[in-house]
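Chains A and B are the protein sequences, given in the same order.
According to the numbering used here, the stretch in the first sequence is residues 1 to 341, in order.
According to the numbering used here, the stretch in the second sequence is residues 342 to 531, in order.
For the record, the hints were derived by calculation from the structure and aren't laboratory data.
A few of these clues could be false.
[What the hints assert, rightly or not] Simulated pairs of lysine-lysine, DSS-like, Cα-Cα distance not exceeding 30 angstroms:
id, chain 1, residue 1, chain 2, residue 2
1, A, K69, A, K59
2, A, K266, B, K470
3, A, K138, B, K497
4, B, K470, A, K168
5, B, K397, A, K47
6, B, K484, B, K497
Only a predicted model underlies this, so the values are computations on that prediction, with no experimental measurement involved.
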Amino acid sequence: MEKHKEYYIDLITRHLAGELNPGEVQELADWVSLYPDNFKIFEVYSKTWDTIEKDTIEKNVNINEEWEKIRLRLKHSEPAKDNNVKIFRTGPAKKIFLPFLKIAAILIIVAIASLTIYFFTGPGREKTLIATGDYLEKNLSDGTNITMSSGSKLVYPEKFGRHERKVKLSGEAYFNVQHDSKKPFIIATDDVRIKVLGTSFYVNTKASKGNIEVVLTTGKLAIFYKNKSSAIVVLNPGEKAIVNKNTGIIKKKQNDDLDYMSWKNKKIVFFNNTLSDIITVLNRVYRTNIIIKDNKLINCRLTASFDNQTLESVLNVIKKTLEINVKQTETCIELSGNGCR
Amino acid sequence: MKKKPLIPFIKLNEISFEQLFRSEFKGLCFFALRYVREMDTAKEIVQESFISLWEKRDSIDMEKSVKSYLTASIKNKCYNYLRNCKKFNNDLIFDEVPDGEFSFESHDSLIETELRSRISSAIDELPVKCREVFQLNRYENLKYIEIAIKLDISVKTVETQMSKALQHMRLRLGDYIALLFIIRFIFVTA
């Protein structure tokens with residue numbers, strides 16, 4: 001019962017932080033309207049949140065800065081507005097508006113010129129993208145295609161600069177970089193740089209033991225540290241680089257992890273693997289939490305291959321083959337049974 | 342008997358506009374936050390509403406409250422934003438705040454100072470990890486998933502820490518918030 005309440009306090013907090021999805025909003029609304037006591041709990045937390053929020057506003061909003069912002073925006077929109085009005089005016093009004101028009105015209109020319117220079121030379125505004133759901137595919141302005149796994153973060157400019165195409169990555173992603181020999185594509189994570197011209201490859205900045213892993217599919221690729229670009233490691237297709245952020249050592253070897261793309265294409269092959277190995281893979285690929293409830297099941301073995309199947313159908317196959325029970329609970333999926341065939 | 346004024350009631354000029362902006366901006370951000378839940382978006386929406394107020398200053402009936410024009414405009418913009426972002430509109434279900442009833446006035450700077458010091462001491466009491474998560478969300482406006490990535494913890498942990506923090510804040514601020522409401526009630530009825 002107490003745990004139950006904790007669960008709803010969690011929901012309330014996430015509601016207040018704007019972190020609920022539609023299903024959960026409905027769930028919370030149902031709970032709130034169930035008993036007056038529930039509503040009271042909801043109200044108390046809302047008020048607490050509001051009080052803190054006011055404090056946040058006091059700390060985060062600088063009224064002088066905000067006023068300066070709006071003043072500038074109004075200043076820029078006003079002359080242009082007068083300019084429009086001007087077109088329809090005739091007669092004496094012309095003289096009054098003429099100086100205005102001149103200033104407006106100069107302002108507009110300066111604005112257009114600086115914008116043009118800015119757009120053709122400097123990189124555009126930086127954008128941040130965080131993948132939610134299963135995975136996320138993104139095409140950048142140069143035609144490069146990136147697939148990011150859930151929770152990964154990419155920072156990229158709206159438009160690339162003149163000399164290079166630079167993005168920042170935190171997490172796991174697959175890059176298919178559009179070839180451009182004049183503008184190398186660079187991925188930065190901490191001090192490590194991955195530089196390519198046009199290739200496809202996999203990067204995981206959060207591999208085990210705090211390492212960065214890179215697997216090259218096609219083309220050529222270079223990895224180095226920002227401040228010592230002399231110690232450069234070049235990868236060929238099928239090779240894998242492991243960058244140890246602590247020691248600074250970049251190791252290179254033949255890639256033996258054939259499942260490194262399974263989070264994207266959901267191609268999984270089991271060859272007489274134990275159930276405990278299988279759920280480790282499934283938890284990674286489907287980002288779920290499957291657990292084995294009965295220890296008798298741990299050493300059950302299965303041979304099967306799946307190609308882009310849903311988790312449900314994969315579990316269904318396992319359930320029927322091994323004759324086990326699959327139960328979905330609030331926090332995980334439980335596998336149970338009395339041993340297997 | 343009310344007479345219809347010959348000249349427009351109050352003409353919004355540069356000076357009164359600035360005064361209005363300075364006195365209402367924060368309160369309106371608080372109002373917008375109820376819908377969009379993101380500080381930067383809220384600030385932007387309030388800015389835009391002030392701009393549209395300024396642009397329409399000649400056509401708006403100033404006898405009606407300027408504040409109600411602003412809140413209506415903010416509400417619309419928030420709904421549009423939520424719709425465009427395909428975010429679910431929380432407040433279709435939790436529309437517990439009538440437009441006029443958001444208050445941000447600080448009547449009494451003594452109460453305000455007291456409240457602030459209570460909030461910051463309550464935050465200081467939180468366990469380190471919990472405090473870090475809470476501050477990143479509330480004071481640096483990071484989403485749960487951004488916090489998870491930044492601190493290299495799971496989103497589930499962020500959720501737990503956030504609700505732990507809020508429960509603590511409720512316990513520490515609870516009485517005081519109740520007191521605030523009583524004080525306001527006295528002011529309103531007096």
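Hints breached by this structure: 2, 5
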